[in-house]
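K.L.:
As you go down the protein sequences, you meet chains C and P in turn. Here the working numbering runs 16 ahead of the position in the first sequence, where the first position is 1. Here the working numbering runs 35 ahead of the position in the second sequence, where the first position is 1.
Note that these hints are calculated values from the structure, not bench results. Be aware that one or more of the hints could be misleading.
As the list claims (entries may be wrong) - Result set (EDC-like, lysine to aspartate or glutamate): computed pairs, CA atoms no more than 20 Å apart in a straight line: (1) C:K36 / C:D46; (2) P:K465 / C:E82; (3) C:K425 / P:E299.
Claimed, not checked - Label pairs and their computed distance ranges (CB to CB): (4) P:V453 / C:L432: 34 to 44 Å; (5) C:G355 / P:R141: 29 to 39 Å; (6) C:A463 / P:R460: 19 to 29 Å.
For each residue, glycine too, the CB sits at the ideal point set by N, CA and C.
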Amino acid sequence: MSRIDKPIVRARNLTKRFPKAKKAALEGLDADIFPGRITGLAGPDGAGKTTFLRMVAGLLDLTEGELTVLGVDPATKAEEIHIRTGYMPQRFGLYEDLSVQQNMDLYADLRGVQGQQRQETFERLLGFTDLKRFTDRKAGALSGGMKQKLGLACALISKPELLLLDEPGVGVDPISRRELWKMVQALVAEGIGVIWSTAYLDEAEMCESVIVLNEGKSIFSGAPGELTDRVGDRTFILPVTQDKRQALQRALEVDSVVDGVVQGNHLRLVLRKGAKDFDAAAIGLEGKLRQVKPRFEDAFIDALGGPRRGKSRIAEALRQIPHDGDAVIEAHDLTKKFGDFAATDRVTFAVKRGELFGLLGPNGAGKSTTFKMMCGLLKPTSGTARVTGLDLQHSGSKARSRLGYMAQKFSLYADLTVRQNLDFFSGIYGLKNGQKKAVDSMLEIFAFGDQADVPSGQLPLGFKQRLSMAAALMHEPDVLFLDEPTSGVDPITRREFWKHINGLVEKGVTVMVTTHFMDEAEYCDRIGLVYRGQLIALGPPDELKRNVKTPELENPTMEDAFIALIREFDQENGGKA
Amino acid sequence: MGVKPKHERTPFFTNEMKTESPNSQGETLFRRLPSAKRRLETAAPLGDSHPFMVQKLNPRRLLALIRKEGVQILRDPSSILIAFILPVILLFLFGYAVSLDSTKLRIGVVMQERTPVSESLLAAVRDSKYFTVTPGFALKEMEGQLVAGKLRGILVIPVNFSRLFAENTGGEDTGARLQIIADGSEPNTASFVQNYLRAAIGGWQAARARDQGSNAHPGIEIETRMWFNPSLESKNYLVPGSIAIVMTLIGTLLTSLVVAREWERGTMEALMATPVSIQELVLGKLIPYFLLGVGSMSFCTLVSVGIFHTPLRGSVVALALVTSVFLAACLGQGLLISTLAKSQFIAGQAALILGFLPSFQLSGFIFEIRSMPAPIQALTYLFPARYFVQSLHTIFLAGDIGAVLWRNGLILLGFATVFFLLTARVTRKKLT
Numbered sequence: 017m018s019r020i021d022k023p024i025v026r027a028r029n030l031t032k033r034f035p036k037a038k039k040a041a042l043e044g045l046d047a048d049i050f051p052g053r054i055t056g057l058a059g060p061d062g063a064g065k066t067t068f069l070r071m072v073a074g075l076l077d078l079t080e081g082e083l084t085v086l087g088v089d090p091a092t093k094a095e096e097i098h099i100r101t102g103y104m105p106q107r108f109g110l111y112e113d114l115s116v117q118q119n120m121d122l123y124a125d126l127r128g129v130q131g132q133q134r135q136e137t138f139e140r141l142l143g144f145t146d147l148k149r150f151t152d153r154k155a156g157a158l159s160g161g162m163k164q165k166l167g168l169a170c171a172l173i174s175k176p177e178l179l180l181l182d183e184p185g186v187g188v189d190p191i192s193r194r195e196l197w198k199m200v201q202a203l204v205a206e207g208i209g210v211i212w213s214t215a216y217l218d219e220a221e222m223c224e225s226v227i228v229l230n231e232g233k234s235i236f237s238g239a240p241g242e243l244t245d246r247v248g249d250r251t252f253i254l255p256v257t258q259d260k261r262q263a264l265q266r267a268l269e270v271d272s273v274v275d276g277v278v279q280g281n282h283l284r285l286v287l288r289k290g291a292k293d294f295d296a297a298a299i300g301l302e303g304k305l306r307q308v309k310p311r312f313e314d315a316f317i318d319a320l321g322g323p324r325r326g327k328s329r330i331a332e333a334l335r336q337i338p339h340d341g342d343a344v345i346e347a348h349d350l351t352k353k354f355g356d357f358a359a360t361d362r363v364t365f366a367v368k369r370g371e372l373f374g375l376l377g378p379n380g381a382g383k384s385t386t387f388k389m390m391c392g393l394l395k396p397t398s399g400t401a402r403v404t405g406l407d408l409q410h411s412g413s414k415a416r417s418r419l420g421y422m423a424q425k426f427s428l429y430a431d432l433t434v435r436q437n438l439d440f441f442s443g444i445y446g447l448k449n450g451q452k453k454a455v456d457s458m459l460e461i462f463a464f465g466d467q468a469d470v471p472s473g474q475l476p477l478g479f480k481q482r483l484s485m486a487a488a489l490m491h492e493p494d495v496l497f498l499d500e501p502t503s504g505v506d507p508i509t510r511r512e513f514w515k516h517i518n519g520l521v522e523k524g525v526t527v528m529v530t531t532h533f534m535d536e537a538e539y540c541d542r543i544g545l546v547y548r549g550q551l552i553a554l555g556p557p558d559e560l561k562r563n564v565k566t567p568e569l570e571n572p573t574m575e576d577a578f579i580a581l582i583r584e585f586d587q588e589n590g591g592k593a
Numbered sequence: 036m037g038v039k040p041k042h043e044r045t046p047f048f049t050n051e052m053k054t055e056s057p058n059s060q061g062e063t064l065f066r067r068l069p070s071a072k073r074r075l076e077t078a079a080p081l082g083d084s085h086p087f088m089v090q091k092l093n094p095r096r097l098l099a100l101i102r103k104e105g106v107q108i109l110r111d112p113s114s115i116l117i118a119f120i121l122p123v124i125l126l127f128l129f130g131y132a133v134s135l136d137s138t139k140l141r142i143g144v145v146m147q148e149r150t151p152v153s154e155s156l157l158a159a160v161r162d163s164k165y166f167t168v169t170p171g172f173a174l175k176e177m178e179g180q181l182v183a184g185k186l187r188g189i190l191v192i193p194v195n196f197s198r199l200f201a202e203n204t205g206g207e208d209t210g211a212r213l214q215i216i217a218d219g220s221e222p223n224t225a226s227f228v229q230n231y232l233r234a235a236i237g238g239w240q241a242a243r244a245r246d247q248g249s250n251a252h253p254g255i256e257i258e259t260r261m262w263f264n265p266s267l268e269s270k271n272y273l274v275p276g277s278i279a280i281v282m283t284l285i286g287t288l289l290t291s292l293v294v295a296r297e298w299e300r301g302t303m304e305a306l307m308a309t310p311v312s313i314q315e316l317v318l319g320k321l322i323p324y325f326l327l328g329v330g331s332m333s334f335c336t337l338v339s340v341g342i343f344h345t346p347l348r349g350s351v352v353a354l355a356l357v358t359s360v361f362l363a364a365c366l367g368q369g370l371l372i373s374t375l376a377k378s379q380f381i382a383g384q385a386a387l388i389l390g391f392l393p394s395f396q397l398s399g400f401i402f403e404i405r406s407m408p409a410p411i412q413a414l415t416y417l418f419p420a421r422y423f424v425q426s427l428h429t430i431f432l433a434g435d436i437g438a439v440l441w442r443n444g445l446i447l448l449g450f451a452t453v454f455f456l457l458t459a460r461v462t463r464k465k466l467t
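With the hints as constraints, model all of the structure from the sequences given.
P.N.:
Written out as structure tokens, the structure reads:
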């Protein structure tokens, strides 16, 4: 790979303030982006990633500082930047009612790619993205992964010098993400500079250099290895034989631990700088710490000071539900058909009281459809769905009074305040007595503080998610359904969220959760892998991983297991569609 | 467990992938890379002479945008619905179902004198198919019934009417007067009462003159002539008027919705990051919806003339010209709305309030402008629909009357210009 050491994007003290916003969207950013490599732009939602990309693309004017893109000033020469860069916005910027070919034709015309060159470019890009078979299909009918490839093809039509990709991995399954990464690698080898924005820290780790943003400020810039080196001698794993979630909870209460997650049958712990003593026995754990190579997320959490301490107050406030060993969530031959298409195809499983059950699967696999039938929001075509022994079709409202549901999208009233939303939910759940007490305790437990009287639409995403969860827990349900509760949430808030979920399970609440974060699947007692409407694997995370072990892959991760199981299914069922 | 715990999480993308080229053919994706590379080394600006830098209106790009919009229109059922199905519904509604003609209006006739002349006039009014007549002698009593809503209007035949009427032989004003009192709280009805009474009186006079064998027109204070719409059918007013509604829907509502949709779906952002110019973006929206509007207009005209037998007394050329300037004004308004409101919901609301409702209520389509209160009348001048409805009535019912059409056409052109200038002022190839 050739290295040309002149940056194609140079930012100094780059600041963007939007009118009316209290905080700057981007503040004092210094960055150099070089050709021939992928520069990762990492950070949680609202960190300023899109703002930066839009400024580089000449679509937003800066408030303060300097910015040079491809040697020109984007404020005055935006046209030139538009000619020389390719930009793929979030959600890919495709016309969903146009076919693949029509989308490509449009962008080729707009970028003046004509004649023989046009045909050659189409040939190459369609081959490159493997979309040749789908040229007549409407873009809206493509899967997330294929949309993403088409978006990339459209951004590449006139061989850009700089390629800007805004969260290309969102809403795309891991297999497609890997394919996209390979494609972009090939472009980089040809000398194109790429900025890849992502909320996935594992993607950022793979970039040659990375800029980490948090709340509009850069907290790190350089090779990912430099950041991970900071926690190089402080990252450990500890084998656990007992309950992983309890062990994690205890470990996180120790002062010297800055971060901890479950990883297979181990705890992964990052110790505070300077504090190297960690007495596992003191918290009742038998294993021994073993130093491991840190990964980017460890360093990221460390750089932000770790998640908030303490036990989950929500779990503490809850009554203990006795574990009676009953199956509280049951699906039997559950099927949902939309026309000829079976979104959920003969799915059968049972979840015991106090179990944490995860549904995993690529986008469009049928996770949400299955999920919605389980909470009685969608009527099955055939088969039964039962919660606490009640059939959702016959005793739907009775069953629903026993379950809490948190929707994937924020579905509370944006113009009501936090308190008003909670009042409303306590009202519809019929909490007549002690309604005010219940609301007050929720406000306290979730630490809303002075946000209680803020319209919920103005809250940051993390707070919105907290409010959704509080509303779902208002009536102290036995069973909790969480649909992608941590989607788009920054890593710190995600950890807090899991602390609550783990705490609830501890109290005997049965939780069913969907997620696309593979590491979150590790918290679950059992996982169901949904693919093409079918439940293709079911079992504890460790067992699923063990099943895909090969001599080459001795220690598969959840993600490896996921990919291997899907590939296996595809092979048995006649290859990839 | 005998397996060594894996410390390092397997990278999301394995290393073999990192170096592997996905191109099995071993080709590079872009052939002309050397030149790109040379440019990279210096990061040299393209210079102002680059064809894309100077060209604000590239025909190929514009055509690509128009083609794209065309495919979208054809694939989007709502645009077809608004352009071709809705007009049919509206025309049927206003052509058949809604009729503002009122037969059998209850009126009173006050006979302040009883003479053969006044009796004969009373008989003539009674014979009219539009009225149910209550005769009487005391005006006071009748007025009471009018206030109570039992009567819609009163015709007063004053003392001396017969004498003054008989004295008149030459057509000079002899002072023969009839008084019409109508219930002004319902302007439409009032105007019907007035017009129908005038028609009845006119008919009576003509009949009397014929009977007396004279062709002199005895003068009465009321001179009534129904212009343009002698059959007094409201259909002939409503059908052209509903065309204005459809044009507003296409021009303002549909346009603002499709632009807002591009913002919502993020395609506008993708477009703005290409070399396309703002002029091309605007024209790329205007031209397809202009053509859709013209298509819908032709369709509406065919339906109203062919099925509803609305007269078309003016020329097709005049119709096309007036429609074009009105469409331009509507499209300009739609674009302006969607530039300011980037969500479909807000754009839709704004288009309904600023485009659809005025063209329904303030255009003279259903409610006659002359019978509106003065401040509302003044308001009607602010909306293009007024000028268009008037022009349509003129073209359909009267013919190409240059004075009216030129004036209205120029005013509409003014509206269009103002909207486009405003749009050009607020539209930039930037996000905010």
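K.L.:
Would you check the hint for K425 of chain C and E299 of chain P, treating anything up to 20 Å between C-alpha atoms as holding?
P.N.:
17 Å, holds
K.L.:
Given the hint of 29 to 39 Å, is the C-beta distance from G355 of chain C to R141 of chain P inside that range or not?
P.N.:
Since the Cβ atoms of G355 of chain C and R141 of chain P sit about 60 Å apart, the hinted range of 29 to 39 Å is violated.
K.L.:
Holds or violated: K465 of chain P with E82 of chain C, Cα cutoff 20 Å?
P.N.:
18 Å, holds
K.L.:
Cβ-Cβ distance between V453 of chain P and L432 of chain C: within 34 to 44 Å?
P.N.:
The hint (34 to 44 Å, Cβ to Cβ) holds, given that V453 of chain P and L432 of chain C are roughly 40 Å apart.
K.L.:
Is it true that the C-beta distance of A463 of chain C to R460 of chain P lies inside 19 to 29 Å, as the hint says?
P.N.:
47 Å, violated
K.L.:
CA of K36 of chain C to CA of D46 of chain C, is that 20 Å or under?
P.N.:
24 Å, violated
In summary, the structure is inconsistent with hints 1, 5 and 6 from the numbered list given earlier, while agreeing with the others.
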